[in-house]
Amino acid sequence: MTGISQYDDERVEPERPVPMSPWALERLPGDPMMWILITSEILVFGGALWAFAGSELLNPEIYREARSHLNVPLATFNTLILLTSGLFAAFAVRFGKAGNTAKTRLSLLSAGLLGVLFMALKIYEYSEKLALGLDIETNTFYTLYYLVTGFHLAHVIFGLIILGIIAAWPSEDNLESGTAFWHMVDLIWVIIFPIFYLMGQGA
Amino acid sequence: MDRDDIVDQKPSSGDLVKAWGVLVVLTLAGYGLSLINTALLAYTGPVVIAALILFKTRIILRSYLGLTRCPAWLSLLSTMITAITVVCAGLLMVVIYGNLH
Numbered sequence: 001m002t003g004i005s006q007y008d009d010e011r012v013e014p015e016r017p018v019p020m021s022p023w024a025l026e027r028l029p030g031d032p033m034m035w036i037l038i039t040s041e042i043l044v045f046g047g048a049l050w051a052f053a054g055s056e057l058l059n060p061e062i063y064r065e066a067r068s069h070l071n072v073p074l075a076t077f078n079t080l081i082l083l084t085s086g087l088f089a090a091f092a093v094r095f096g097k098a099g100n101t102a103k104t105r106l107s108l109l110s111a112g113l114l115g116v117l118f119m120a121l122k123i124y125e126y127s128e129k130l131a132l133g134l135d136i137e138t139n140t141f142y143t144l145y146y147l148v149t150g151f152h153l154a155h156v157i158f159g160l161i162i163l164g165i166i167a168a169w170p171s172e173d174n175l176e177s178g179t180a181f182w183h184m185v186d187l188i189w190v191i192i193f194p195i196f197y198l199m200g201q202g203a
Numbered sequence: 001m002d003r004d005d006i007v008d009q010k011p012s013s014g015d016l017v018k019a020w021g022v023l024v025v026l027t028l029a030g031y032g033l034s035l036i037n038t039a040l041l042a043y044t045g046p047v048v049i050a051a052l053i054l055f056k057t058r059i060i061l062r063s064y065l066g067l068t069r070c071p072a073w074l075s076l077l078s079t080m081i082t083a084i085t086v087v088c089a090g091l092l093m094v095v096i097y098g099n100l101h
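Each protein sequence line maps, in turn, to chains A and B.
Sequential numbering of the first sequence, starting at 1, is according to our numbering.
Sequential numbering of the second sequence, starting at 1, is according to our numbering.
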């Protein structure tokens, strides 16, 4: 006899809540994989922007001349369109959580239409450049300009497809994940626009 | 801990509209800055525009993406964006300094 009751082993400790790590993916809105994607997209675009800025060290005159052909007012207007589209996407999540499917779909439709307008204006901007003979092979500036803004435009198109899917199936998880992708498209443009169009204009 | 236990700190519709308004003002301020062509701005312009980028992206991360409920991820993404922006603005400053001297 050891003095320890056979029942001691069976005593059940009250379950203590395990503190959640600040890095826990469960804290994030939507599907955690969407956040892995968002993080990697920022890294990819960041690398391209560093390449763009680094290349300016080697070709300062080419960059200065190339910047003079950019349509800054149009790009500014396009930025406002994308920011407004992001606002409607954020509204869609709120309406979705409130269970208002009609308003959710209307907000997603508004976000999508503004996305289409962004796309149309971007294509118009490309046609303007091509009419001036400024194509992807003109110089380093325009190679990176078409690559980075074109890659972003591909994300806008993919984002529009996602908005369409979540409008068809507006569950809370779908809304949070889909709009997170759309906000990422917004976020990337908010970085690309000033670096390509605004920085160096006064130089 | 379940996902449902996480306190939802998403901003209200009014806060979203305010955040959008600030983003619009900052975008127009950036455009206005690019129109001014002075020697002082040649040096300070990239720094001011970098600051605008950081401010705007912070608003999108907090208000649109709702990252206030996960500060660690907010810090990670903010740090990444800061690194991208600071390097780009720094390289441009080097170019501008080379042009002016």
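A couple of the hints might just be wrong.
Among the chain B residues that face chain A by a calculated CB cut under 8 Å, a handful are [what the hints assert, rightly or not]: (1) G14; (2) V22; (3) V25; (4) A29; (5) Y31; (6) S34; (7) I49; (8) A51; (9) K56; (10) L77; (11) V86; (12) G98.
Honestly, the hints are just simulated from the structure, not real lab data.
The beta carbon of each residue, even a glycine, is placed where N, CA and C say it ideally should be.
To see whether the hints hold, each was checked on the structure:
1. G14: violated, 11 Å
2. V22: violated, 10 Å
3. V25: B/V25 check fails; min Cβ-Cβ to chain A is 11 Å, beyond 8 Å.
4. A29: This interface hint is violated because 10 Å lies over the 8 Å limit.
5. Y31: holds, 4 Å
6. S34: Given a least distance of 4 Å, the restraint on B/S34 holds.
7. I49: holds, 5 Å
8. A51: With a closest approach of 10 Å, the B/A51 hint is violated.
9. K56: Interface hint status for B/K56: holds (5 Å vs cutoff 8 Å).
10. L77: With a minimum Cβ separation of about 7 Å from chain A (threshold 8 Å), the hint on B/L77 holds.
11. V86: Not OK, violated: B/V86 not within 8 Å of chain A, min 11 Å.
12. G98: holds, 7 Å
Violated hints, listed in ascending order, are 1, 2, 3, 4, 8 and 11; each of the other numbered hints is respected by the structure.
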